[in-house]
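Each residue of the sequence shown is one higher than the one before, starting from 0 at the first, in numbering that gives the first Met the number 0.
The set of hints was computed from the structure by calculation and includes no laboratory data. Honestly, I wouldn't trust all of these hints.
[To be verified] Here are the simulated lysine-lysine pairs, DSS-like style, with alpha carbons at most 25 Å apart:
#, residue 1, residue 2
1, 260, 271
2, 289, 271
3, 399, 331
4, 224, 128
5, 108, 224
6, 289, 260
7, 374, 165
8, 128, 165
[Said to hold, decoys possible] Label pairs and their in silico Cβ distance ranges:
#, residue 1, residue 2, range
9, 51, 303, 45 to 51 Å
10, 195, 297, 39 to 45 Å
11, 155, 135, 51 to 57 Å
12, 123, 286, 41 to 47 Å
13, 161, 363, 47 to 53 Å
14, 49, 149, 18 to 24 Å
Glycine included, each C-beta is placed from N, C-alpha and C at the ideal position.
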Amino acid sequence: MALQLGFHVQAQLFLFQTESGHIYYPCIKCLTNRYRNNLPGVDIFVCTADLTIEPPIMVINTVLSVLAYDYPKDKLSVYLSDDGGSELTFYALLEASHFARTWIPFCQKFNVETRSPAAYFKESHTSQKDVTEAVEWIATKNLYKEMENRINQVTRFGRLSNDIRKQHKGFCEWNVPSTSCEHHTIVEILIDGRDENTTDNGGVVLPTLVYMAREKRPEHHHNFKAGAMNSLIRVSSEISNGAVILNMDCDMYSNNSETIKDALCFFMDEDKGHEFAYVQLPQRFNNITKNDIYANCLRTEYEVEFHGLDGFGGPLYVGSGCFHRRESLCGKKYESNKAEMKYNKRNTRADASTLEEKAKSLITCTFEDNTEWGKEVGLKYGFPVEDVITGLSIQCRGWKSIYFNPQGWAS
């Protein structure tokens with residue numbers, strides 16, 4: 000009996016050590032920002048598919064929050080993939096491109112950290128400001144509310160007036176009948192960050208902003224979000240070609256303006272940076288019930304386990320809030336030599352309309368036929384959790400990943 004009990008205790012101890020050992024050895028890294036004047040381009044992907052469950056006003060709040068990142072605007076590009084191919088979503092993004100000219104300098108001037116306008120104005124009040132800031136706060140909020148009302152009005156109405164359709168050439172794309180399940184390719188550069196004359200109200204060049212709707216036909220499988228992400232990879236490589244890619248869900252927003260710089264500290268670390276394929280940040284939710292009895296906040300994973308996994312090759316890729324090295328996402332195998340991160344050059348010769356037409360040819364239904372896209376290149380197809388499988392395949396090619404959980408729940 001004593002021998003049996005002893006064996007049982009030893010077995011339990013062995014399992015505890017093998018299954019939970021990483022919990023007791025968290026790897027927490029924080030590097031200083033040493034490359035202020037020599038930073039790589041960053042492309043940010045936001046995906047939406049159904050304006051009924053993903054209202055346009057919610058989507059553009061996500062877009063505005065990442066447009067306002069504290070990062071050189073000439074190296075920042077934001078892409079919205081609209082799998083629904085809706086002119087209402089395009090109109091909302093057009094409105095956001097106008098409001099960004101006021102919102103971005105406002106955030107920089109007053110060090111706004113919650114850079115989603117809806118979240119910021121919900122949390123902030125004029126009583127907390129001095130006179131100068133209060134005046135600009137009221138003016139900016141009024142501009143936002145006017146934009147919000149216009150977007151919500153056309154969303155409720157279900158179509159655009161002729162006056163609105165005259166505001167931008169892009170609305171001509173919807174002269175051909177289309178549905179959310181069947182539509183042609185659309186690529187519209189709403190803000191061309193290469194143009195020095197395209198500035199915000201403070202005279203600073205704006206980030207690039209692009210609307211994309213890939214072709215969808217009933218007879219061709221579109222591979223859901225993985226297909227949209229792969230289309231964004233190809234389109235962005237033609238327009239801005241950033242060395243780093245961040246993907247964000249359209250129902251999330253950034254609440255830390257320094258997040259890009261923080262993530263780049265890992266990629267650009269002289270000793271270990273060349274080993275990392277992606278940096279995963281936590282996902283936070285503000286609609287969780289008080290006691291969170293179903294553990295929707297994933298506290299165990301984000302607060303404990305992911306830190307420990309940094310000592311075992313790194314955490315899984317779990318979707319939104321992940322910074323990718325473009326070359327690793329596109330299938331490159333890890334090489335042990337300490338090569339510096341490539342500073343991919345964007346196309347500066349072609350005009351916007353030429354870039355749009357080239358990009359359209361990359362997102363047709365048949366483009367991926369007989370290619371490695373969805374297999375060895377880009378996100379994996381055929382899995383309900385394409386992000387997790389893609390992360391595992393990247394690690395199988397020799398790369399490591401790392402988890403970064405900053406104070407303030409950044410994303």
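Structure-based check of each hint:
Taken as a hint, the residue 260 and residue 271 pair is honoured in the structure, with Cα atoms around 17 Å apart against an allowance of 25 Å. Using a Cα cut-off of 25 Å, the hinted pair residue 289 and residue 271 is violated, with the two alpha carbons roughly 40 Å apart. Simply put, residue 399 and residue 331 have alpha-carbon atoms about 13 Å apart, close enough for the 25 Å limit, and the pair holds. For the proposed pair residue 224 and residue 128, the alpha carbon gap of about 42 Å is over 25 Å, so the pair is violated.
Proximity of residue 108 to residue 224 is assessed by CA-CA distance (about 36 Å); at most 25 Å being required, the pair is judged violated. Only pairs whose Cα atoms come within 25 Å are accepted, and residue 289 paired with residue 260 is rejected, the gap being roughly 33 Å. Restraint check: the Cα-Cα separation between residue 374 and residue 165 comes to about 42 Å, which exceeds 25 Å; the hinted pair is violated. Pair hint residue 128 plus residue 165 does not hold up; C-alpha atoms about 39 Å apart against a cutoff of 25 Å.
Distance hint for residue 51 and residue 303: a CB-CB separation of about 37 Å, inconsistent with the stated range 45 to 51 Å. The given range of 39 to 45 Å is respected by residue 195 and residue 297, whose C-beta atoms sit roughly 44 Å from each other. In this structure the hint that residue 155 and residue 135 lie 51 to 57 Å apart at CB is violated, the actual value being about 30 Å. Look at residue 123 against residue 286: about 19 Å separates their beta carbons, and that is not inside 41 to 47 Å.
Here the CB-CB span from residue 161 to residue 363 is close to 30 Å, at odds with the stated 47 to 53 Å. Between residue 49 and residue 149 the CB atoms are about 21 Å apart, so this pair conforms to the stated range of 18 to 24 Å.
Consistency note: the structure conflicts with the earlier hints numbered 2, 4, 5, 6, 7, 8, 9, 11, 12 and 13.
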